[in-house]
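Peer 1: Take the sequences, apply the hints, and build the full model.
Read top to bottom, the protein sequences are chains Z and S. Residue 1 is where the first sequence starts when you use our numbering, and the numbers rise one by one after that. Residue 174 is where the second sequence starts when you use our numbering, and the numbers rise one by one after that.
It should be emphasised that the hints constitute simulated quantities derived from the structure, not laboratory data. Cβ atoms here follow ideal geometry from the backbone N, Cα and C, with glycine treated the same way. Hints may be right or wrong, so weigh each one.
As the list claims (entries may be wrong) - Facing chain S, a subset of chain Z residues (Cβ under 8 Å, in silico):
#1 A8
#2 N10
#3 A17
#4 V27
#5 Q56
#6 F75
#7 L107
#8 D121
#9 F124
#10 R133
#11 E139
#12 V140
#13 A143
#14 P151
#15 L159
Claimed, not checked - Sample of chain S residues lacking proximity to chain Z, with all beta carbon distances greater than 12 Å (derived):
#16 V201
#17 V203
#18 K271
#19 G272
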Amino acid sequence: MSATIFIAQNVFFYLIAATMVFGAFRVVTTNNIVHAALYLVVVLAGGAAQYLLLAQEFVAWVQVIVYIGAVIVLFLFGIMLTRAPMRAAEPLDNDLRGWALVPTGLLAAILVVVCIDAYDDATFGETGHAALRAIRTGEVSNAIFRGYLVPFEVVGVLLLAALIGAVVLARRD
Amino acid sequence: MYLNQFLLLSVLLFCAGVYGVMTRKHTVLVLMSIELMLAAVNLNFVAFGAFRADVVGQVFALFVLTIAAAEVGVGLAIVLLIYRNLHSSDPDDVDVLKG
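Peer 2: Okay, structure coming up:
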């Protein structure tokens, strides 16, 4: 495995990762609720780009269509329908700001230690395959409709239940 | 590329989501933070799938995506209902169970 192949990938990884972390930071700190939704778009688009870097095409485009296309629109609907203040006079954070950093930092420390301990210098392409084998959509559909047919159907029923539940909850009567 | 690059990015996103859930004062923003955590988990699934050169990571990432969409739909319906009944979207105001 020559390391030179990965230079471009590494450069793009760190660029996208920095954008995603900045976006995530702004989602949880910005004072403008519409901006929070738009920063969430940045994070999710960055995620889709990371999936493409990992040569997992299908889930990347599903992320773009479902998350950026549908979920963000739902969020904007939610913002409009609750008549959220577009430019809040008071901050949108509660007074736990300082205290919340303690469990967050603790969790981050534990997870970082666990990740480094478990996968210290594991690189892609170790499992005997060529580095980052691109997984084609056909393989994904074969896996879903052969090995994971029952979970797929269950998720379909769950989605239907959520659809009906959302309509029942939100309609005026 | 190291697997850890992706795992640590995912840790950062997840912790940002946890922080947001604890500090945000608008329910829609809390839901957005939950989406952040789900996106972090999805990144883990896809990274491990690529690491093992296996399709399973992608399949489960798709299931997570579906359930996240369902969760947002029901969650926003509940937020709307709370807003309609309490005229507030601050989760701290939903304390009618407090004795």
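Peer 1: Give a verdict on every hint.
Peer 2: Going through the hints against the structure:
| no. | hint | result |
| --- | --- | --- |
| 1 | A8 | 11 Å, violated |
| 2 | N10 | 6 Å, holds |
| 3 | A17 | 5 Å, holds |
| 4 | V27 | 6 Å, holds |
| 5 | Q56 | 5 Å, holds |
| 6 | F75 | 6 Å, holds |
| 7 | L107 | 6 Å, holds |
| 8 | D121 | 6 Å, holds |
| 9 | F124 | 5 Å, holds |
| 10 | R133 | 5 Å, holds |
| 11 | E139 | 5 Å, holds |
| 12 | V140 | 5 Å, holds |
| 13 | A143 | 5 Å, holds |
| 14 | P151 | 6 Å, holds |
| 15 | L159 | 5 Å, holds |
| 16 | V201 | 5 Å, violated |
| 17 | V203 | 10 Å, violated |
| 18 | K271 | 16 Å, holds |
| 19 | G272 | 22 Å, holds |
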